[in-house]
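Please take these sequences and the hints and turn them into a complete structure.
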Amino acid sequence: MTRVDAAGLERDVRDGLAKKPILLMTHLVVGYPSLDANWTMLEAMDAARVDLVELQLPFSEPIADGPWFVKANQEAIRAGTSWTTYFDFAARAVSRFRFPVLFMGYYNSVFRMGGERFCARLAAAGMRGFIVADLPPEEAADLNATARAHALDPILLMTPANSTERLREIGRQASGFVYCLGRKGVTGKQTDLSQGVADFLGRCRMATSLPLALGFGIRTPADVSALRGLADIAIVGTACLETWEARGPDAYREFVQALARETAA
Amino acid sequence: MTRVDAAGLERDVRDGLAKKPILLMTHLVVGYPSLDANWTMLEAMDAARVDLVELQLPFSEPIADGPWFVKANQEAIRAGTSWTTYFDFAARAVSRFRFPVLFMGYYNSVFRMGGERFCARLAAAGMRGFIVADLPPEEAADLNATARAHALDPILLMTPANSTERLREIGRQASGFVYCLGRKGVTGKQTDLSQGVADFLGRCRMATSLPLALGFGIRTPADVSALRGLADIAIVGTACLETWEARGPDAYREFVQALARETAA
Amino acid sequence: MSTELFQFAPGREGYYGEFGGAFVPEILHETLAELRAAFDDARDDPAFWREYVDVMVTYSCRPTPVTYCENLTRLLGGARIYVKREDLNHTGAHKVNNVMGQGLLVRRMGKRRVIAETGAGQHGVATATMAARLGLACTIYMGEDDIARQRPNVFWMEQLGADVVAVTDGTRTLKDAINACLRDWAESMADTHYVLGTVCGPHPFPRMVTYFQSIIGQEARAQMLRITGALPRRVYACVGGGSNASGIFAGFLDDASVELVGVEAGGKGVDTEQHAARLAGGRGCPGVAQGYKSVFLQNREGLMHDTCSVAAGLDYIGVGPILAHLHAQGRVRFEAATDAEVVEALRLVIRREGLMPALESAHAFVTALKEAPHLSGADAILVNQSGRADKDIFTVAEALGDERWKRFLREKAAR
Amino acid sequence: MSTELFQFAPGREGYYGEFGGAFVPEILHETLAELRAAFDDARDDPAFWREYVDVMVTYSCRPTPVTYCENLTRLLGGARIYVKREDLNHTGAHKVNNVMGQGLLVRRMGKRRVIAETGAGQHGVATATMAARLGLACTIYMGEDDIARQRPNVFWMEQLGADVVAVTDGTRTLKDAINACLRDWAESMADTHYVLGTVCGPHPFPRMVTYFQSIIGQEARAQMLRITGALPRRVYACVGGGSNASGIFAGFLDDASVELVGVEAGGKGVDTEQHAARLAGGRGCPGVAQGYKSVFLQNREGLMHDTCSVAAGLDYIGVGPILAHLHAQGRVRFEAATDAEVVEALRLVIRREGLMPALESAHAFVTALKEAPHLSGADAILVNQSGRADKDIFTVAEALGDERWKRFLREKAAR
Ligand SMILES: Cc1ncc(COP(=O)(O)O)c(C=O)c1O
Ligand SMILES: Cc1ncc(COP(=O)(O)O)c(C=O)c1O
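Chains as they are written, first to last, in numbering that gives the first Met the number 0: chain E, 0 to 264; chain Y, 0 to 264; chain L, 0 to 414; chain Z, 0 to 414.
Where hints are given, some of them may not hold.
No farther apart than 30 Å at their CA atoms in a straight line, the calculated lysine-lysine pairs in the DSS-like style are these [what the hints assert, rightly or not]: (1) Lys267(L) with Lys110(L); (2) Lys411(Z) with Lys70(Y); (3) Lys411(Z) with Lys267(L); (4) Lys411(L) with Lys369(Z); (5) Lys267(Z) with Lys411(L); (6) Lys267(Z) with Lys70(E); (7) Lys188(Y) with Lys70(Y); (8) Lys405(L) with Lys405(Z); (9) Lys411(Z) with Lys405(L); (10) Lys405(L) with Lys188(Y); (11) Lys411(L) with Lys411(Z); (12) Lys405(Z) with Lys267(Z); (13) Lys110(L) with Lys70(E); (14) Lys267(L) with Lys70(Y); (15) Lys369(L) with Lys267(L); (16) Lys267(Z) with Lys369(Z); (17) Lys411(Z) with Lys188(E).
Hints were generated in silico from the structure; no laboratory data involved.
As the structure is a prediction and not an experimental result, all values here were calculated from the model.
Take a look at the structure:
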């Protein structure tokens, strides 16, 4: 299903997929537990050869997040994580590490910044795209056009609750890759990968020729392994943060390594 | 205004009035503070030559009484003052002392005992009449007829709130003497004798030729003195009990003496 | 309402069979006469009832609805259960019907102050509300024990501008508050009206309070006919003094097919000494107290018993003389509900229908829910929900042993 | 109600001027579509509104009355003051209008469970009541701080069978409870409906809640015409999310002569950081949160402020998009009332009229009473009394420093 004209993020993903069966995207909330800790996390991701990284800009009303990330958003805000903090950090990460870096956040940040300024800052920091958790495609037309003008990929979401028609509509607007939700709900809970995930990803494939990332509830190396042959990218978020919180930086490093190991050819 | 045919209590009152300008009626609640204390009170009354004595049978809902007597009723009940206690005590008083003894109480006691039995017990104890605080004349016809058959005088009340017509109606049914209320309200508070009492007693005189007793709020020897020439009987209740409670039996004795002194010719 | 009841035999004005009358200290004689005259005059004035209804429509929310309880009906599988919603009234109970009516009379009489007794606090709040609205001074007498049980109501009465006086006599409950009112009135009657809260006390109160509360029954009868096309088989109401019962029964007195059921406070059980069942169980006997002749809980020498109920508003020694008469006549059947049954019924009704009857009203539900299964689906029964449970939160939370509520109170108290 | 508002431009469904829309995680897209379809279907079914009104008439006490406040009018000497009595509704506030309406929709959609956020607890109690009545499972999300402020309501919700979940995120108030609901719904939507309690959130909630609450304005307009023979000069309502305001304003939107005034929570003062005035005082700015675009109290980078009000139900960051639009259009004027003014107004209204507005509703009174003297006796003004104060006893008693109440709490807590 390779598109010959792949460009931008999609090109990166396809290049990666040429070398191994599945890629790994990991995530962190900028400012939590601290910028230093975030840097250590990025170093661990880099060491493990993680393929893509989402940096979440904290927001006070993170409606798509579960308890771990809600707390992370809240604490990062309390610690004073501003737009400037965020983009400075992102720019440092882009210049230091190989992996493409994506913005993740909520629409109010984009709206307050203004779409043009938002895309300009992303591009200036060298970021490659963005995931806006509460921005539906029908509200995103202007932003997505601006993004493309800045060579940024807006990453859209497909969910198991979507109708086939809706999936197709999302497919038409997507670029880079598609972020597929492993299950209903918010971030942080286990997903039973045996149940319907293959069906769902099959429905997504029918709706788009872009690579498919599967996120929400991918928690263990075994989960990642199980996605081989199903998805193109495995996204692990909460499980990484939990490891950091419960067992510290070394365990975090090992955990990310273990995840990445399952993506090897 | 002497009636030639005076009999019963009226005869006693008129006989007394032949010797001094005003008589004194005092009061106690049987069973409070104790029967022994009651007996000491009666001895004090006797020593002071009190002319008439009311013995109150305690009732649980004494709506015509103020706080001192309410408490006395309540405590006497708590101490177990029964009908038998009451009538035994009354019979002892009658046989020991000179003054006529009257029943005072509420209608439920009479109603529960039955009118005939009530009158028979009063008569058997040698009592001379009764005052029922919550029995209006229109409800009293049967009881009053029974009373008279037992040579008992039902003592009716006249109040400053009554219309002239009502006073006349009460006058028609009364015998013995009439209990005139010095003021509105319940037992226990001061009455300003300057205000309207003379007028009121004048209205009562127009309504009956019976002797007039004035009660409610007669608290001091000076009050008794002020009633000379206005009323035929001064009734002192709460002030006596207050004296007992505050200053003990000796003070009580002196107080009753002082009251009685003001009735002397 | 059966006018026969109020056709007094000569010399028996204010009597219903052997019950009723006016047994008050002579000092109140003229005041009661004045009140009777004012009430008779108002009753004969067709504009008065219209004015009364208008006040109830615009200030409270009359007509209160009748609600069908489909869930309970299905659960119990017998008669269809309907509820008359006096809980929706302003101030949360039927008490306001009587109070606003008496308020209009006070205005006719030109008095400036009202006094009232209160047990559950509902009648006190209603009276204080009426006084605020009509610009009258207001004193509320409330037993010290009831103040402890019903603090929230005390708080609102005070906010409404009423002077709330704690009654420390006797059993420190409703009956003692009534005595306190009668005593106040005996002194203040020139400018003060005593807003008695139930169908007890001396004539004309039983008649007058029934008259105002009959708005419940008048509405309910028409509503049942409209909604169900027929009269209910039975009507249930809790009975403290008896005003909500008299009010709803008044609408059905002339309907021989409608059985009227009054439910008294069974407390810890009618066989114990701790209840307030005067008629059900035959524990009461005739007597005269607080201005009227009726059936009272008293000992052989006429001293009143201590009563006991989880519902402050039913915790009373006497029962309205009209109801005592209707009981004697066999027109109203009386039952008792125990505290434990009441808490259970309350839970059930809240849970199944989202209705929140006051503990008093929950008594009526106990008997209705017990009897409904023995009737057929062709029958409808009507329960008078005299008030709402909000005021009972302290009592109910305690009865249910709610730990979080207790913790909350501790925290609030510690502030 | 002005149908123009709801004639969405192509591609702008759910937008009112620049405000509104549906900004939710994609997972909820189909659920909202389903809800829109069900609502549109119901709205087009004339039987549905009739069924809705019937429920409100028989289960709550609609139409709620309009009460004339003669005493306040005389005291202030200006416009005649009328009050729409939503406090008389079952469960004590206007919330039940919306909740029963959504309940009927839930039935149409065949879902078995409802969830809801609650601030003051009124919407939680109303939803739990609806769930009990309609036999639905029910979970209520409530900020931990609000649970502390409104324990009595929590107690009743639990009695009604609801699961009350304390929300410990963020500011632990209403907005965080909404987030919690959106998260629950993102997982449970197959069998669960989210009963949003106000005119906020994603399309179709603002429209749908306004639709159900418009029963207030429809009634009020007809009542004012009937009672006063004319439309009111101004209509006042407090604005939390804006549902009671939208409801009563809906009746008068097309009446250009009627000025509509929304009153927000001024807290410790609009000049402090401690208030919840989004529109009055211009402290809010456009943003997108909790599923909708409107005016929010936020910092320059779009992070929401902590809000503050003595009234839990007004303590919220956003305002309904329809109201934000009507504000932008100049159709609705917004004012703010401080906590101190609110307590004062509450006391005055209780004392003078025997009405007991909730702290939320007292905000509307503050502005109405301030402005009434500047109008003439020929003008009538209408205040929406959205709820009753019973639930606020802990807050009000604390605000007034009532010592006896505190002592009472200590005693109860010690049991
Ligand atoms: C809600 C409620 N129901 C019933 C009663 C009992 O009174 P009655 O028997 O007069 O209706 C009360 C008394 O306070 C009450 O508050
Ligand atoms: C009585 C009352 N009024 C007003 C409100 C505010 O909500 P809205 O602005 O949606 O009417 C609430 C919310 O809980 C409330 O309980």
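Verification of the hints:
| no. | hint | in the structure |
| --- | --- | --- |
| 1 | Lys267(L) with Lys110(L) | 43 Å, violated |
| 2 | Lys411(Z) with Lys70(Y) | 28 Å, holds |
| 3 | Lys411(Z) with Lys267(L) | 22 Å, holds |
| 4 | Lys411(L) with Lys369(Z) | 33 Å, violated |
| 5 | Lys267(Z) with Lys411(L) | 22 Å, holds |
| 6 | Lys267(Z) with Lys70(E) | 29 Å, holds |
| 7 | Lys188(Y) with Lys70(Y) | 15 Å, holds |
| 8 | Lys405(L) with Lys405(Z) | 14 Å, holds |
| 9 | Lys411(Z) with Lys405(L) | 8 Å, holds |
| 10 | Lys405(L) with Lys188(Y) | 45 Å, violated |
| 11 | Lys411(L) with Lys411(Z) | 11 Å, holds |
| 12 | Lys405(Z) with Lys267(Z) | 24 Å, holds |
| 13 | Lys110(L) with Lys70(E) | 65 Å, violated |
| 14 | Lys267(L) with Lys70(Y) | 29 Å, holds |
| 15 | Lys369(L) with Lys267(L) | 18 Å, holds |
| 16 | Lys267(Z) with Lys369(Z) | 18 Å, holds |
| 17 | Lys411(Z) with Lys188(E) | 42 Å, violated |
Figure legend: structure checked against the earlier numbered hints; hints not met, in rising order: 1, 4, 10, 13 and 17.
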